[in-house]
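> The primary structure of each chain is shown beneath.
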Amino acid sequence: MANMVNVFLYGKKYEVPGDLTIMEAFEYAGYKLVRGVGCRNGFCGACATVYRIKGDRELKACLACSTKVEDNMSVATLPFFPLIKEGYDIEKVRPNEQIMMQLYPEIYSCVGCNACTKACSQSLNVMQYIAHAQRGEYEKCAELSFDCVMCGICSSRCPAGISHPQVAMLARRLNGKYIAPESLHLTTRVKEIEDGLCTEAIEAIMAKPIEELKELYNHRDIEK
Amino acid sequence: MIFTQEMLESMKKVEAAREANIAYEPPRMSAEEKEALLAEYHPDYKDKGFTTIKIGPNKGERAPIELEEMIEGRSRVLDLNVDLNKVDYDVDVLVIGGGGSGSSAAIEANKAGANVMIVTKLRIGDANTMMAEGGIQAADKPGDSPAQHYLDVMGGGHFVNRPELVRKLVMDGPGAIKWLNELGVEFDKDEDGTMVTTHGGGTSRKRMHAAADYSGAEIMRTLRDEVLNRGITVVDFTAAIEIIKDENGNAAGAVLLNMETGEVRVARAKCVVIATGGAGRMHYQGFPTSNHYGATADGLILGYRAGAKLLYQDTLQYHPTGVAFPQQIYGALVTEKVRSMGAKLINSEGEVYVHPLETRDVNAAAVIRECSTRGKGVPTPTGKAVWLDTPMIDMIHGKGTLEKRLPAMLRMYLKFGIDMRETPILIYPTLHYQNGGLEIGVNGMTRVENLFVAGEAVGGIHGRNRLMGNSLLDIIVFGRNAGQQAAAKAKTVTVGALTLDHVAKYEEERKAAGIDSETASPKLLPDYTRKF
Numbered sequence: 001m002a003n004m005v006n007v008f009l010y011g012k013k014y015e016v017p018g019d020l021t022i023m024e025a026f027e028y029a030g031y032k033l034v035r036g037v038g039c040r041n042g043f044c045g046a047c048a049t050v051y052r053i054k055g056d057r058e059l060k061a062c063l064a065c066s067t068k069v070e071d072n073m074s075v076a077t078l079p080f081f082p083l084i085k086e087g088y089d090i091e092k093v094r095p096n097e098q099i100m101m102q103l104y105p106e107i108y109s110c111v112g113c114n115a116c117t118k119a120c121s122q123s124l125n126v127m128q129y130i131a132h133a134q135r136g137e138y139e140k141c142a143e144l145s146f147d148c149v150m151c152g153i154c155s156s157r158c159p160a161g162i163s164h165p166q167v168a169m170l171a172r173r174l175n176g177k178y179i180a181p182e183s184l185h186l187t188t189r190v191k192e193i194e195d196g197l198c199t200e201a202i203e204a205i206m207a208k209p210i211e212e213l214k215e216l217y218n219h220r221d222i223e224k
Numbered sequence: 001m002i003f004t005q006e007m008l009e010s011m012k013k014v015e016a017a018r019e020a021n022i023a024y025e026p027p028r029m030s031a032e033e034k035e036a037l038l039a040e041y042h043p044d045y046k047d048k049g050f051t052t053i054k055i056g057p058n059k060g061e062r063a064p065i066e067l068e069e070m071i072e073g074r075s076r077v078l079d080l081n082v083d084l085n086k087v088d089y090d091v092d093v094l095v096i097g098g099g100g101s102g103s104s105a106a107i108e109a110n111k112a113g114a115n116v117m118i119v120t121k122l123r124i125g126d127a128n129t130m131m132a133e134g135g136i137q138a139a140d141k142p143g144d145s146p147a148q149h150y151l152d153v154m155g156g157g158h159f160v161n162r163p164e165l166v167r168k169l170v171m172d173g174p175g176a177i178k179w180l181n182e183l184g185v186e187f188d189k190d191e192d193g194t195m196v197t198t199h200g201g202g203t204s205r206k207r208m209h210a211a212a213d214y215s216g217a218e219i220m221r222t223l224r225d226e227v228l229n230r231g232i233t234v235v236d237f238t239a240a241i242e243i244i245k246d247e248n249g250n251a252a253g254a255v256l257l258n259m260e261t262g263e264v265r266v267a268r269a270k271c272v273v274i275a276t277g278g279a280g281r282m283h284y285q286g287f288p289t290s291n292h293y294g295a296t297a298d299g300l301i302l303g304y305r306a307g308a309k310l311l312y313q314d315t316l317q318y319h320p321t322g323v324a325f326p327q328q329i330y331g332a333l334v335t336e337k338v339r340s341m342g343a344k345l346i347n348s349e350g351e352v353y354v355h356p357l358e359t360r361d362v363n364a365a366a367v368i369r370e371c372s373t374r375g376k377g378v379p380t381p382t383g384k385a386v387w388l389d390t391p392m393i394d395m396i397h398g399k400g401t402l403e404k405r406l407p408a409m410l411r412m413y414l415k416f417g418i419d420m421r422e423t424p425i426l427i428y429p430t431l432h433y434q435n436g437g438l439e440i441g442v443n444g445m446t447r448v449e450n451l452f453v454a455g456e457a458v459g460g461i462h463g464r465n466r467l468m469g470n471s472l473l474d475i476i477v478f479g480r481n482a483g484q485q486a487a488a489k490a491k492t493v494t495v496g497a498l499t500l501d502h503v504a505k506y507e508e509e510r511k512a513a514g515i516d517s518e519t520a521s522p523k524l525l526p527d528y529t530r531k532f
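Line by line, the protein sequences give chains A and B. Okay, so the first sequence: first residue is 1 according to my numbering, each after it adds one. Okay, so the second sequence: first residue is 1 according to my numbering, each after it adds one.
A portion of the hints provided could be inaccurate.
[Said to hold, decoys possible] Straight line, CA to CA, 30 Å or less: simulated DSBU-like cross-link-like pairs of lysine-lysine:
id, chain 1, residue 1, chain 2, residue 2
1, B, Lys-404, A, Lys-177
2, A, Lys-214, B, Lys-46
3, B, Lys-34, B, Lys-13
4, A, Lys-68, B, Lys-384
5, B, Lys-178, A, Lys-92
6, B, Lys-415, A, Lys-118
7, A, Lys-177, A, Lys-140
8, B, Lys-384, B, Lys-46
9, A, Lys-12, B, Lys-415
10, B, Lys-404, A, Lys-60
11, A, Lys-224, B, Lys-34
12, A, Lys-224, B, Lys-13
13, B, Lys-86, B, Lys-489
14, A, Lys-32, B, Lys-531
Calculated directly from the structure, the hints in this document are not laboratory data.
Please model the entire structure based on the sequences and the hints provided.
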């Protein structure tokens, strides 16, 4: 068994094996998790967590599923944070500066404290992507925010009350729909299918007896 | 350094052989070699992991032991006071599950004018979709065609797929990509708009579209945003624990259980869509899983008790490259895209022992063979493992490629002090996907009227083995389809008096079969709490 460490879950002391993640430490301590647990692999942002290590003055943030416990770690989870999520019609919005002004005007109150960036569980440059959003540079905002798991820790630390993950979400959709170039091969193929140009081939292959299909499969050419 | 001495010694052999291994193109196996390998090493062929179903529509068929425990389990409503006369939610379309297929269904049903509600036992987006990394297939490039895609799907699935479902999958594939793109999903593209596509295991054309290695997350968060934009009701932290029928025997709603407070509510609906996803957290045969915390096959049980049939419930997908080390992320997924981009599978002696892009079942079986009878596995704290030689990627495509195309993988390992650009990683198969599920027609409906299924809870689309990138495709194609079909059907439905008689009958059948299991079913969540 690994060496044991002391952790403080919501301030209460537990002794747990030192090779557990924070999430596993909760379960080891006896918790049955419903909140604050999701994919358990760093993708869904359900397990936002803040902690301090005794003697270290800095407040740190992480995902509980992908962070190991440390001795004298004092932990609180943030399973939900009330973000502002404005509704919009993706067909009607356009990638101009006005849309951010209209939906998320608080981004212009950013005081540049950089607390969001320091708190990001994904080590993203959050303040910088907000700066891009302010200027209507959605492609850059999308690129810098791409790895965001929307855990919301950034917003919990923001003195201006910005909902960074939702701002970035809007920027990415604007970029994906309006700014990134159209894929002509895709448009063409969809039209071909709609026009029935692929129907004959699919019906022909469906009509083949299994043995013939197997032959085709076992000898098909594989693109290099 | 967190690697053991044994690992480091084996790693030296991998490094020494790396240049030669990059140049070496391993042969593909013949159909006969594959069959022999699967029969001996694939977990689906291990009889001790399976039992016979004792009751219900698939009585007498084979099922994983853990699934049969749920089939034989006790309905949660038997111990609750459910008043069907007190309807808390009354909608046209009830979607059970807030993942990719459920969200797609809800968006389309809403678009068709239906009053639609999503109920999900965790949050919307807490789903396997969020964790899909590698990509989504569709035949939209000039050298490719839906018919070519069809051939790959059928061959990968061992030719037992339902042909009409496969046809829909491949014919609606390009349209699904277009739909997502127009919702704002950021696919990887060249400057001229051409989508960047790669191979997956078992594909004959490069048709894997991706959004770095956050493909599923990018799709899921966009769908979630669209559900919220449309003002669709989402009831979260609430599980469906039984389908409600009406006096005519049609599906007509669900009994809902608040996961936090235990409050029970009744939802009445003209049509119900089961979109509850997979089963990795059932840990079949003791395997770790790459799946979401809520992947417990609930929908299969709900549908089964309501009279729907299961199809290929005895076939699971073990992803060949699950994390074997470090143990904190044991079982987590290492996307197949790592192999698509050139990394090869290497045994403890530094040898390439298999083609990296054989289908998943074949590659999983080959890893197990290396680690068992061949004795060429690397010892880890949880067993044996083989190497996935990730430094090959930057050597082949140039420095910086891995970071750009596989940021999630890089981050996952860096958190535990392993830089996969510099050192290879240790992998072993992980329980990844439920190939089978509830049987549907091409309209998405089960044999129970007004009961639809979409996503991983469906059986038949992928036969007995799914190819990479066809699950993200299927949740979109069949999710949208279920939403459209359910919304259209709802217009013709008049719901009769609500009843849970089918649950009472199932309970009688249970007793008649001599089953006295008190295990609550469906499972809802795995139990990882330490017992004192």
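> Against this structure, judge whether each hint is valid.
Comparing the hints with the structure gives:
1. B:Lys-404 to A:Lys-177: 21 Å, holds
2. A:Lys-214 to B:Lys-46: Holds, because 25 Å separates the two Cα atoms, which is no more than 30 Å.
3. B:Lys-34 to B:Lys-13: 28 Å, holds
4. A:Lys-68 to B:Lys-384: 23 Å, holds
5. B:Lys-178 to A:Lys-92: 18 Å, holds
6. B:Lys-415 to A:Lys-118: The hint holds at about 16 Å.
7. A:Lys-177 to A:Lys-140: Given pair A:Lys-177, A:Lys-140 holds - Cα atoms ~15 Å apart, limit 30 Å.
8. B:Lys-384 to B:Lys-46: Answer holds: B:Lys-384 to B:Lys-46 is near 19 Å, not above 30 Å.
9. A:Lys-12 to B:Lys-415: 26 Å, holds
10. B:Lys-404 to A:Lys-60: The given pair, whose Cα atoms are some 26 Å apart, holds under the 30 Å limit.
11. A:Lys-224 to B:Lys-34: 22 Å, holds
12. A:Lys-224 to B:Lys-13: With a Cα-Cα distance of about 29 Å, the restraint between A:Lys-224 and B:Lys-13 holds, given a limit of 30 Å.
13. B:Lys-86 to B:Lys-489: 25 Å, holds
14. A:Lys-32 to B:Lys-531: Roughly 11 Å separates the two Cα atoms, so the pair holds.
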